[in-house]
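**Student:** Below are the chains, spelled out letter by letter.
There are 2 protein chains.
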Amino acid sequence: MKIALAQLNYHIGNFDSNTEKIINTIHAARGKGADLVVFAELCISGYPARDFLEFKEFIGLCEQSAQTIATACTGIACIIGIPKHNTNRSKGGKDLHNSAYFIADGKVQQVVNKALLPNYDVFDEYRYFEPETEFTCVEYKGHRIALTICEDLWNDIENPLYVTRPMDKLMEQKPDVMINIAASPFAYNHDEERIAILSDNAKRYNLPLFYVNHVGAQTEIIFDGGSLVFDNQGKVIDELPYFKEVITYYDLSDDSQVTPQQPVTLMPERQSDIEQIHQGLILGIRDYFYKSGFKQAILGLSGGIDSAVVCALAAEALGAENVMAVLLPSKYSTGHSITDAEDLVENLGCMSETVEIKSITDAFETALHPQFEGLPFNIAEENLQARSRAVVLMAMCNKFGYILLNTSNKSEAAVGYGTLYGDMCGGISVLGDVYKTQVYQLANYINRDKEIIPQNSIVKPPSAELRPDQKDSDSLPDYNTLDTILVEYIEHRLSSGEIIQQGYDEATVRRVIKLVNTAEHKRYQTPPILRVSPKAFGMGRRMPIVGKYLS
Amino acid sequence: MKIALAQLNYHIGNFDSNTEKIINTIHAARGKGADLVVFAELCISGYPARDFLEFKEFIGLCEQSAQTIATACTGIACIIGIPKHNTNRSKGGKDLHNSAYFIADGKVQQVVNKALLPNYDVFDEYRYFEPETEFTCVEYKGHRIALTICEDLWNDIENPLYVTRPMDKLMEQKPDVMINIAASPFAYNHDEERIAILSDNAKRYNLPLFYVNHVGAQTEIIFDGGSLVFDNQGKVIDELPYFKEVITYYDLSDDSQVTPQQPVTLMPERQSDIEQIHQGLILGIRDYFYKSGFKQAILGLSGGIDSAVVCALAAEALGAENVMAVLLPSKYSTGHSITDAEDLVENLGCMSETVEIKSITDAFETALHPQFEGLPFNIAEENLQARSRAVVLMAMCNKFGYILLNTSNKSEAAVGYGTLYGDMCGGISVLGDVYKTQVYQLANYINRDKEIIPQNSIVKPPSAELRPDQKDSDSLPDYNTLDTILVEYIEHRLSSGEIIQQGYDEATVRRVIKLVNTAEHKRYQTPPILRVSPKAFGMGRRMPIVGKYLS
Chain A
1 MKIALAQLNY HIGNFDSNTE KIINTIHAAR GKGADLVVFA ELCISGYPAR
51 DFLEFKEFIG LCEQSAQTIA TACTGIACII GIPKHNTNRS KGGKDLHNSA
101 YFIADGKVQQ VVNKALLPNY DVFDEYRYFE PETEFTCVEY KGHRIALTIC
151 EDLWNDIENP LYVTRPMDKL MEQKPDVMIN IAASPFAYNH DEERIAILSD
201 NAKRYNLPLF YVNHVGAQTE IIFDGGSLVF DNQGKVIDEL PYFKEVITYY
251 DLSDDSQVTP QQPVTLMPER QSDIEQIHQG LILGIRDYFY KSGFKQAILG
301 LSGGIDSAVV CALAAEALGA ENVMAVLLPS KYSTGHSITD AEDLVENLGC
351 MSETVEIKSI TDAFETALHP QFEGLPFNIA EENLQARSRA VVLMAMCNKF
401 GYILLNTSNK SEAAVGYGTL YGDMCGGISV LGDVYKTQVY QLANYINRDK
451 EIIPQNSIVK PPSAELRPDQ KDSDSLPDYN TLDTILVEYI EHRLSSGEII
501 QQGYDEATVR RVIKLVNTAE HKRYQTPPIL RVSPKAFGMG RRMPIVGKYL
551 S
Chain B
1 MKIALAQLNY HIGNFDSNTE KIINTIHAAR GKGADLVVFA ELCISGYPAR
51 DFLEFKEFIG LCEQSAQTIA TACTGIACII GIPKHNTNRS KGGKDLHNSA
101 YFIADGKVQQ VVNKALLPNY DVFDEYRYFE PETEFTCVEY KGHRIALTIC
151 EDLWNDIENP LYVTRPMDKL MEQKPDVMIN IAASPFAYNH DEERIAILSD
201 NAKRYNLPLF YVNHVGAQTE IIFDGGSLVF DNQGKVIDEL PYFKEVITYY
251 DLSDDSQVTP QQPVTLMPER QSDIEQIHQG LILGIRDYFY KSGFKQAILG
301 LSGGIDSAVV CALAAEALGA ENVMAVLLPS KYSTGHSITD AEDLVENLGC
351 MSETVEIKSI TDAFETALHP QFEGLPFNIA EENLQARSRA VVLMAMCNKF
401 GYILLNTSNK SEAAVGYGTL YGDMCGGISV LGDVYKTQVY QLANYINRDK
451 EIIPQNSIVK PPSAELRPDQ KDSDSLPDYN TLDTILVEYI EHRLSSGEII
501 QQGYDEATVR RVIKLVNTAE HKRYQTPPIL RVSPKAFGMG RRMPIVGKYL
551 S
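So the sequence lines, in the order shown, correspond to chains A and B.
For the first sequence, the UniProt record's numbering begins at 1 and goes up steadily by one.
For the second sequence, the UniProt record's numbering begins at 1 and goes up steadily by one.
Be a bit skeptical, because a hint or two may be false.
[As the list claims (entries may be wrong)] Over the 12 angstroms line for every Cβ pair with chain A, so calculated as not near, a few chain B residues: (1) Ala-28; (2) Glu-172; (3) Ser-253; (4) Asp-255; (5) Arg-270; (6) Glu-321; (7) Lys-331; (8) Pro-461; (9) Pro-468; (10) Lys-471; (11) Asp-478.
[To be verified] Straight-line Cα separation of at most 30 angstroms, DSSO-like style, residue types lysine-lysine; simulated pairs: (12) B/Lys-56 x A/Lys-548; (13) A/Lys-358 x B/Lys-399; (14) A/Lys-399 x A/Lys-358; (15) B/Lys-460 x B/Lys-450.
Derived by calculation from the structure, the hints in this document are not laboratory data.
A virtual CB, placed ideally from N, CA and C, is assigned to each residue, including glycine.
Okay, chain A solo, but in the shape it has when bound (with noise of 0.2 angstroms):
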C-alpha cells in the first residue's frame, strides 16, 4: 500500500480553498500512484474553528464539503478530519463528534470519533465534542488501520491526563499499522515533545505510525507542520518540514515495513529556538495578513530593539515594500534614536514616514489645563506621548489599509510596561510571546549573515523614552533576572515563596508577580498574540481581572 501524507495549511470557514486545496492534492496523490492520502484532523473547517461549530449551517457546509470531496475521491482512499453530528444524541451528550471520515470509491465508508478531548491551554474541545468511547479499525488493502485523532495518542504513561488509552481497545482488533492526523500547534519546544511520545506510543504497540499535522496560522496560533513517520521501533523514518505545505508518500509492505519513496534527510540536529520562533512567527505574519485579505503592515519605529525586530520580521513576512516605518519623535526622543531607526529603514528598504509628535502632545496638555493645572507630570503625561503616536498609527490604518503591528514584547507584557490604548495597540501582537532576553537573540540571529538590525538598537539600554533620561532598568529588574522570574511564574507556576526559595531576592519577586497580576486588565485588552511558547498570553491563559490572590 502506497501512503500519501498531506501536510497543508487550511484555513477557518474557508470551505471552498479548503475542499479545492484537499481536490487537488487527491488528484495529485492519485495520479503519483498513492492509495491512500491522509489530511489534518478537522481540516474540512479550519482549526480552532471555536464557536462557529455552534452554528448548524457551519457543519452542514463541513458535510457537503466532504460529500464534494468524497465524489472526487475514486481509485484511491483518503482520510480527512471533519466536525460531525453526533448521531447518538439520544442518550445525552454534546452535539458533535471530532471525526475522521475513511473515504474510498467515492464515499464515506467508515467513520472514527475522537476519544481524548484536550481541554487545557488553548484547547477547548469539551465545549463542542463529545468523547468517543467504542473503536474499530479501518480494513483497506489488507491492512487493519489503528485510525485516531491527535489527543488520542497524548496520554503520558507516568502522568495521565485521561483515564482512557484508546490505542489500548484498538489492539484488540490486532491493527498492523497506526495513523494520527493532529491539530498540534507550534511551541518553540513542543517538538521534540511530539516526537518522543508519538515514538513512545510506535514503540509501546509495535506498530509503523504515520502522523500528519496542520501548517500554517489561524490568527495567533501557528501550526508547524512537522509531520511524522515511525517504524514499528518508534524510530523516525521520516520528518516532514517545518512551516511549510509538503506532499510526500510512503510504501507500507505487508509485513509493514515503510519505505520512503523520495529521499528523506533526517535532521541532523534540532533547529533551536530561536530559529524555530523565528520561522514560526514570519508564518504567524504572513498568515494573519494573508487570510484576512490585507497586505500591507504599519509599525511605529523608535530606534529601540523590539519595533525593530518587528519591522525585520514584517519585512520578510510580507516583502519590505508593503512596511510602512513611522517615525514618531517627541521631545523626549534622543537623537540616536531617531538615526537608529533610520538606519533600520535603509537596511530593510521599507516604507517610512516621519510625523512629530510633539504638536499633539502639546495640544491634549493645553486642553487638559484647566483639569491638571498645578500638578505634576506623571504617567498621565507619558501616557499622552504613547497613545498620541498610536492615534497617528491607526489614523493612516484607516487612511491607506495597513494593519498595525503590535510591538510590544512579553516581558513587557507581562508586567504592564506599556501603555493600553498606546504602545499596547495593533491588530496582532508581534513578540508578546517572545520575552526580551529572546528578542535580543531574535535579533541577533537576524543579523547572522549582515547587519539588519543596528548594532546600537541591540547595545543601548532599553527606555520606553517617555521622559528625560528613562530607563527600563528605573523601574525593572535588569531583564535576565525580570524574565526568569516571569517564566517561573507564568510557565511553571510557582507561586513567589517557590521562586525566592530559588535564590531570587523577596522584594524583586513579590514586586514583580505583583506587577504581572495587577496588569491582567491590561492583557484582557491586547491583541492577540503568536503564540510560541508553552505559556502565552491570551485564550491558553485565562486571569481573573477583579482577583486579589497575588501568589
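Using the hints, position chain B against chain A.
**Tutor:** Chain B only, in chain A's frame:
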C-alpha cells in the same frame, strides 16, 4: 433539623475576606440555633477562579481556609464549596475536583465531588476538574442528604447534555432531602429556567430541595442570588432576594416537611427583564469598582442615550459624587447634545468637566497633513475625534485614579459601529450586552419616577456626530430590525438563510451578518462586558478572527 442558607458575595482569591465572611455566618447561624448552614459552590475561592486553579499554592490556600473554617465549625455543621486535589490521580484524570465539604465537629467529615461539569458559554470546568463517577449521601441528624453541585441537577430530561444523572445513583441510597450548591450566573431569562429545572428535580425525585447560589459580580460575570427552597412536589417554598446577600432559616421535619423560620413573601409576579438588567448592571458596576479597590468612575457624556444611561447607572452604583462626566464636544457636536448632557449632569448631581477636542483633532490633522494631503475626509478623520476623546479620558484616569466606563451598546458592538481605541475604550463595558432597543427601555425605566435622563436624549435620532448631520440610520437598518437580526444570529445561531426565511430583507441580513463577523477583531480588544443575557460577547462567545465563514 434547622437549615440555614447563606447567599453571599465572595471575591475571587480573597481568602481572608471569604473565610472571615463564612466563619461569621457560621457563628450567626449557630446563634440562631441552626444545625446546618449551606454556602455556595466554590465559595472558598470565589467563582470563576479560572487559571488561578492551576497554581498549587492557590489550591493549598483553599485547603488552608477550609481547615480554618472547620476549626470554627463546632456545635453546627456546614457545607462549603472548594477546589480540591483529585486524590485518585494515579489512574489518570485532571488534578482537581469541584468539591463540597461537609464539615461538623470541627472537621471535614465527607467530601462530595461534582459529576457534571459545564463546559459551554462562559464555563470551562473541564479545563480544571475531573468529573466524579461515584456518589454517597451525607448522613446527619437522622437525615440522609443527597448533596450535589450545581450542574449535577442540570440535565434536561428532553435534551440531555450528559449521559449520566448523579441523582439517579444517589436515589439508590434513599435520601430524604436534596441540597444543591451552585454558582449560576445571571441572565435576564435565567431565573425562570432555574426554577423550572429545579422544581422538575424535586418532583421527579419526590424530595424537598435546598438550593444556594452566589450573589455579586466577578468582573463580567454577575451572580443574582435567588436561592430557592422547594417541597417534594416541586412547589417553591421560598425564593431568596435577587442581587443581595441574605441568610435564611428553615425547619426540616423528620418526615421531610420544610417550614421557613422567617416570613416569606413569594413574588406575585416575575420581575421584568429590564428591571433585572437594571439591578444586575448596578451590582456589576459596584462590585467591579469595590473588588478592584477603586471608587470613582469617569465617562464621556455625548448627549446621546447610551452615555446618559451609563452615567445614571454609575451614579446609582457608586454615588453621583463618585462619577465624573466629561463633555467632549467637537465641531460636529450639535448644540442640543451639549445641553442634553448638561441637563443630565444637573439631574444626577455628578461631577462634570468640559474639554473641547477641536484643537486636538486639528493638531492631528496638521501633523498628518503631509501624508493625508489631497485625500478626502473619511473614517480616518471620524475616528480621530473618537480617539482624541479616549486619550483625554484616559489622561484624566491616569491623573486622578478614575476607571473609565465604556458606553457602547450590544448592537453597536455587534456590527462594529464604534472606534477601536476610541469609544470602545474602558475598564468595563456597562451596556455591551444590552441591545439598543433595550437601552431605550432601560432609559424609560430609570425615568420611571421622574425625568433623570433628558427626554430629548431618548427621543432624538441616534447619531455618533462624527461628521455633519450624521445619523446611525444612514448606515444601519432601524434598531428594531437590526436587533431582531442580531438576536437570531448571536443568541440563536441561525444562518443568514434561516433569518431571511423569517421575512427579513436579504441584502440587510447579509450585510448585518457580514458586519458582525468582520468586527470580530475589534471585539477581541474591548473591555470585559457585564453579562446580562444568555449570550454575551466575551468568554461566552469565542469566535475566530481570521475565519472566512460568514453564514
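**Student:** A separate judgement is required for each hint: does it hold in the structure or not?
**Tutor:** Hints and how they fare:
1. Ala-28: About 24 angstroms separates B/Ala-28 from the closest Cβ of chain A, which puts it past 12 angstroms; holds.
2. Glu-172: 20 angstroms, holds
3. Ser-253: Given a closest Cβ separation of 36 angstroms, the condition holds.
4. Asp-255: It holds; B/Asp-255 is separated from chain A by about 34 angstroms at its closest Cβ, greater than 12 angstroms.
5. Arg-270: 28 angstroms, holds
6. Glu-321: 17 angstroms, holds
7. Lys-331: Consistent with the label, B/Lys-331 stays out of reach of chain A, its closest Cβ about 14 angstroms off (over 12 angstroms).
8. Pro-461: 25 angstroms, holds
9. Pro-468: Nearest chain A Cβ is 19 angstroms from B/Pro-468, so the label holds.
10. Lys-471: Given that every Cβ of chain A is farther than 12 angstroms from that of B/Lys-471, nearest at about 21 angstroms, it holds.
11. Asp-478: 26 angstroms, holds
12. B/Lys-56 x A/Lys-548: Distance of about 16 angstroms is within 30 angstroms: holds.
13. A/Lys-358 x B/Lys-399: 20 angstroms, holds
14. A/Lys-399 x A/Lys-358: Distance ~22 angstroms between A/Lys-399 and A/Lys-358 Cα, so the pair holds.
15. B/Lys-460 x B/Lys-450: At roughly 19 angstroms apart (the allowed maximum being 30 angstroms), B/Lys-450 and B/Lys-460 satisfy the hint.
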